[in-house]
Every structure is written in structure tokens, then in C-alpha cells.
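Construct all of the structure, not just a fragment, from the sequences and the given hints.
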Amino acid sequence: MSTPSMTFRQLLWNFRFILIALLLIELTCGYVSIQYTQVEQFREVNALHHEWADWFFRVYTNIGDGLFVIAVALALVFVRYKYAILTIVSFLLSGLVAQVIKRAVKMPRPGAIFKDDPSWYTLPDYHIHGNYSFPSGHTTSIFALMIVLYYVFPTQRKSPLLFILACLAGYSRVYLSQHWPGDVYIGALVGTVVTILLIYIFEHSVWYHKNWANQSLRTKTF
-1 MSTPSMTFRQ LLWNFRFILI ALLLIELTCG YVSIQYTQVE QFREVNALHH EWADWFFRVY
59 TNIGDGLFVI AVALALVFVR YKYAILTIVS FLLSGLVAQV IKRAVKMPRP GAIFKDDPSW
119 YTLPDYHIHG NYSFPSGHTT SIFALMIVLY YVFPTQRKSP LLFILACLAG YSRVYLSQHW
179 PGDVYIGALV GTVVTILLIY IFEHSVWYHK NWANQSLRTK TF
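If you read the sequence shown in this note's numbering, its first letter stands for residue -1, the second for the next number, and so on.
For the record, the hints were derived by calculation from the structure and aren't laboratory data. Backbone N, C-alpha and C fix where the C-beta goes; we use that ideal spot for every residue, glycine too. Worth double-checking, as some hints may not be accurate.
Unchecked claim - Computed Cβ-Cβ distance ranges for the label pairs, DEER-style:
hint : residue 1 : residue 2 : range
1    : 215       : 154       : 20 to 26 Å
2    : 127       : 22        : 25 to 31 Å
3    : 50        : 209       : 46 to 52 Å
4    : 21        : 114       : 37 to 43 Å
5    : 210       : 15        : 29 to 35 Å
Structure, rendered in C-alpha cells:
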């Protein structure tokens, strides 16, 4: 169990592999964004469609939905109550930050720009949103969840699996024409930063170390 004395530096150190990987990807994406516009990057992804990938990403993108996060939170009730609470609060808080930015920026999505472009590929019978593109809410949510899971299961922090799964969810948003690449880059940052800050706040909250918070439904049941 984490202790109340955990400093912010210790918290960052615990996530060092994830943060380094995210930093490298963000720097790479930043360089790509200097060389190519968002439209050019989007067109490159839009040209890579395949039938199996259409099906896969159409389904896989849903891990960024609230229902999936709630399902994970319910599962974590069997680990510790405080982890379930952390999952829900991180989802709500990071989502709120993303929504505030969306309303402030009001960036149109690819669907609003390419709706009359015959070269634009979209999945059949798939609804494309037109407004509030920046940042990606799905990407924000899945990166927030990724950080929570790495925190709850510290033995996995050196494993790239959760990070790769989160990146795939972000990529799916561009693949499905719901977002620009830049929306995903920033969404990943928002979800990561907000959740790490939230963990720090929780770690230094009295209730988080109470007996009930460290119990689980499993201990109550069995």
C-alpha cells in the first residue's frame, strides 16, 4: 500500500518508464507536426484503411468510453475501494478538463472539413462528429485509466502493454476520422498529467488511508 509520505518526486519516479515513453512520443509527434500540417497527417492515416482494421478500430475505440471505465472501476471494487474511487474521479476530472478545453478552442473535426471531399474515406454507417475536436476525450480517458492501472498494479510499470493499448485507442480516433492527430497528442497529455496530480492529492488525503478505503468487496464477501 502507498504511504501518505510519498512525495511528488517519488510519484514521478514510479511512473518514469511511462513518462519517458510518452515524452519521446510527444517529441516525435511535435517534430512531425512541424514538418507536416494536421491535414497532411490526417490524410496519411486516412489512406491506410483496411477491412479488418475498420472492424477492429470501430470496436476497440470504445475502451475510451465512460461505460468501459465504469466497468473497470467496478472490477477494482474487488481490489480496494479507493482504487475504484480513483478510477471514477480521474475519469470525471480529466474529462472535465478536456471538455473545458474543447469549449474554449471550438476546433472543427475532420468530418466538418472533409464532408464534401470525395477522397475522404469513412466507415459505412459510422457517425462522424463535426465539432469540438481538440483535444480527444476518448484519448484523455484511456490515458487516465492507463495511469490508474499502472498505479494499482505496480509490477506492470515496466511493461509496455497498457501503454501500447492506450496508444492504439488514441490512433483509433484518427483512423475513424473523429479527430486530428494533434487532438490525440494533447488528449494523452491531459489524461496523464491530470491523473498523476490526482494520485498525488489522494495519496496526501486522510480518507485515502482509512481502513475502509483499503478494504474491498472481496474481503467483505469472503
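Cross-check of the supplied hints:
1. 215 with 154: 20 to 26 Å: holds (22 Å)
2. 127 with 22: 25 to 31 Å: Since residue 127 and residue 22 have Cβ atoms about 30 Å apart, the given range 25 to 31 Å holds.
3. 50 with 209: 46 to 52 Å: At 50 Å between Cβs, range holds.
4. 21 with 114: 37 to 43 Å: holds (39 Å)
5. 210 with 15: 29 to 35 Å: holds (32 Å)
The earlier numbered hints are all upheld by this structure, with none contradicted.
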